[in-house]
Each structure stands twice: as C-alpha cells, then as structure tokens.
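A.B. asks: Got chain A sorted already, so can you dock chain B onto it with the hints?
Protein chains in written order, with my numbering: chain A, 1 to 103; chain B, 1 to 163.
Please note: incorrect hints may appear among the correct ones.
[Stated by the list, open to error] Computed cross-link-like contacts, DMTMM-like style, restricted to lysine to aspartate or glutamate with a CA-CA straight-line distance of at most 20 Å:
no., chain 1, residue 1, chain 2, residue 2
1, B, LYS73, A, GLU17
2, B, LYS133, B, GLU78
3, A, LYS92, B, ASP47
[What the hints assert, rightly or not] Which chain A residues stay away from chain B? Per the calculated CB distances, all over 12 Å, these:
no., residue
4, ALA2
5, ARG45
6, LYS67
7, ALA97
8, ILE99
9, GLN103
[Claimed, not checked] Partial selection, computed: residues in chain B whose CB lies under 8 Å from chain A:
no., residue
10, TYR44
11, PRO45
12, GLY120
13, ALA126
Please keep in mind that the hints were generated in silico from the structure rather than gathered at the bench. As the structure is a prediction and not an experimental result, all values here were calculated from the model. Even for Gly, the Cβ is constructed at its ideal location relative to N, Cα and C.
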Amino acid sequence: MASTIRVRAILNGEITEVQTLIQHPMDSGFIKGENGELTPAHFIRELTFEHDGRKVFVADWGTAVSKDPYVKFSFKGGNKGGDLKVSWIDNKGETDATIVKIQ
Amino acid sequence: MTPHNRFPATRRLILKGAGSLALAGLGVISFRPATAFAAANDKYPEDAFKQKDAREAIKLLYGRTAEPSDKVKLDAPEIAENGAVVPIAVTTTLTEVTSVSFLVPENPNVLAAYYRILPGTMPNVANRLKMAKTSNVIVLVEAGGKLYSATKEVKVTVGGCGG
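In isolation and in its complexed conformation, chain B is listed as follows:
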C-alpha cells in the first residue's frame, strides 16, 4: 500500500463539495420524496453509493435535505489513530425511524452505510467504518418521513480507505 496518491483527481472535487456542504441552516425546505428514492423502497441504493458529494448522495437517497437535530446522538472518536477501523454509532430518541445512514464526506465515495430500520427495530446502530483522512462524519436519521442529522469531526492520524 502506498500512503500517498491513492485517490484519483476527483479528490479535489470531493474537498470542494465537502467545503460547501452546509447541512445546518438548510432546514427541511425540499420537495417531497418520490417512490424512486432509495429510502422509499428496499433496493440497494447503487447510485447513492457512487456519489463523491454528500449533498448528491443525500438527494439520491432521500430526495430531501436534512435538519440537524439534538435528538440524534452520533458517537464517534475525537481522534482515530487507525482510519481503517473507526467505531461509529448512532442513537436517537426520535420515533418512527425507518432508516439510518452514515456519510464520510472526505472519503472517495461519501456514503458508507445505509441501514433499513424495520418496524419493531430500535433506531440504534453501531458499526466500524474506514476513513481516508480527517473528516466530518454525518449520520442521517429518517423518522416520520423527515430527515434529521448529526455531524462530528473525527481526526484521522493514519488514513485507511481500504484497511
């Protein structure tokens, strides 16, 4: 593994995209989700997983923007010594949760994982993700047809987008 130059030139675009990403303040002004969105059916959201820009991934996944919520608790380390294995979890007091997803805007592909929370399942999920470098981690919680988010920066000492 070479520590540098692992990523193609699109990396610049990712940085640009992440810089202009402003989840806060966007509110819930958005159009209604159509059935075509991944969140509305149970197909693997292929296109959302290919996105280099968080807003695009969120749009493809949910067809709406997220509203930051203090009812969403994102548990992630301040500093991750090993970017290949970063433990990240979410808990929420929101009800009627139908999905949870994790995004790492500085990764080559921003969407890391999308979880379908079926009726009776608790909206609490823990997993381990790869982080190429220091980045915000965004968790999205879809509840009652609305989209909420929490964001936390994780400083990565040694990046690892492949383990």
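Just chain A, with the same shape it has in the complex:
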C-alpha cells in the first residue's frame, strides 16, 4: 500500500523546511454519516518527525485537525541527504511511517 504520508524537506541555508500532507479521514465523532448515525472518531493523535534519529517536532492532534492534515514547520541542523523520518499513530492504533531525504 502506498504511504499515507507525503513529505518534502528542503534545506535552505541552515534551515530545513518540512511540509507534510497525510491521507487520513480525521473523523471528529461529531458528524452523522449517510446512515444517520454518528461516524465514530478516527483521528491521528501523534505525528513525530525525527532527523537522523533525533526528534525535532511532535504534533499532538485532536479531532479538530482537518481531514487529510497538512502541517509545516522548520528546524536547524538538517543536512542535505540526511534522513527525516515521519510517523503517525491514530486513536485506533493504526500507524504509518516514511523516511525521506532532505533535499
């Protein structure tokens, strides 16, 4: 299965800018589905970014993060060709992870 995570990490000077898009329903649990019943909450709780094994950024999310979430941040200390690992876990225990090279 293709990764749910699309991430781009670009080094500019000493700062690496990271943009991430994830495919995930991010169901809040407050919305009724077509059957008239509330769709149970299903959302990413934690999204973690590690550069060469060191955590640089952690997102803790609730149900108010939009469907197919997007997040952008930047950090110092990245190197061209260095690894950036992105991983998430949702409230059902489902997970995904990917590793990209810093460009």
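C.D. replies: Frame of chain A; chain B shown alone:
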C-alpha cells in the same frame, strides 16, 4: 451530514465558557507548573483534548494562564468560507520556545493541536483546522517557561467540525 443539531447540549456550556474567557488582563499570576502537566512531559495530553472550556484546557496543558504578546503573530483568515479547512499559522520572535498550541473555543473540544518544539526547531507552525462556527482562535506559545498568547476571530460561513 445534517447542518444543524450536530452538537450535544454541552454546546451551551462551551459558549458560556468562551464568553467568560478573558485571557487578556489575567497576566502571568499563576502557580508554577508541576511535572504532571502535559507540557512538561512528552505524553499525549489526553485530558486537555477533551476539554470544552479553553481555560480548563490551558490549565491542564500548562498549569498556568497566558499573557497576550505582540511577539506572537497568529495568521488566520478574517473569513473562512469552509470551516472544515481553515489555514492557521503562528510565527514568533520569542526565544526558547518549547511548545505551540491552537485552541478554538467554539469547537466541541477546544484544543485542536499541540506541537512540541524541540531544541533547534523554529517556533513557526502552519496547519489546517476545523471550525464548527465563527470563533476566536487562540494560539499559545510556551517560551522560557512562560506562556504567551495571541487571539484572532475567524468568521466561518459554513461550519465544519468533521469535514
């Protein structure tokens, strides 16, 4: 999706809570954060995410109140046509930032996202949030052990708390 009556009766309580929420003027008079607060460790702040009242969420998350700061820039649209996807970002010139969080007091659960800014990471974060209706958006920046905030109202034309 039914456009109305999506929220339980606790909605009234949220409105009440948001009305009495006065971040401004509270200053930094507060007790010291203990290690039990979410901001002090790296556990998912489960309880803070369940709160219906912004002050409660902030208290659970940080154990202190926030001081409005013009060094915190909250970038959010004046009007969001689609409440399901509202682009919101923060930048700050504050140093020693350890976390950033976004709250939408009119949402069923007020805390939307909490970001841990680890050493070397810039205190600038952009994300997209759902807004059930017109509301203030509050961003909190924890820097040097203190808590700062910025607030902006976003008018929502079509609410979307679930997309």
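A.B. asks: Next step is simple, just say for each hint if it's right about the structure.
C.D. replies: Evaluated hints:
no.	hint	in the structure
1	B:LYS73 <-> A:GLU17	holds, 19 Å
2	B:LYS133 <-> B:GLU78	holds, 13 Å
3	A:LYS92 <-> B:ASP47	holds, 17 Å
4	ALA2	holds, 21 Å
5	ARG45	violated, 6 Å
6	LYS67	violated, 4 Å
7	ALA97	holds, 17 Å
8	ILE99	holds, 18 Å
9	GLN103	holds, 18 Å
10	TYR44	holds, 5 Å
11	PRO45	holds, 6 Å
12	GLY120	holds, 5 Å
13	ALA126	holds, 4 Å
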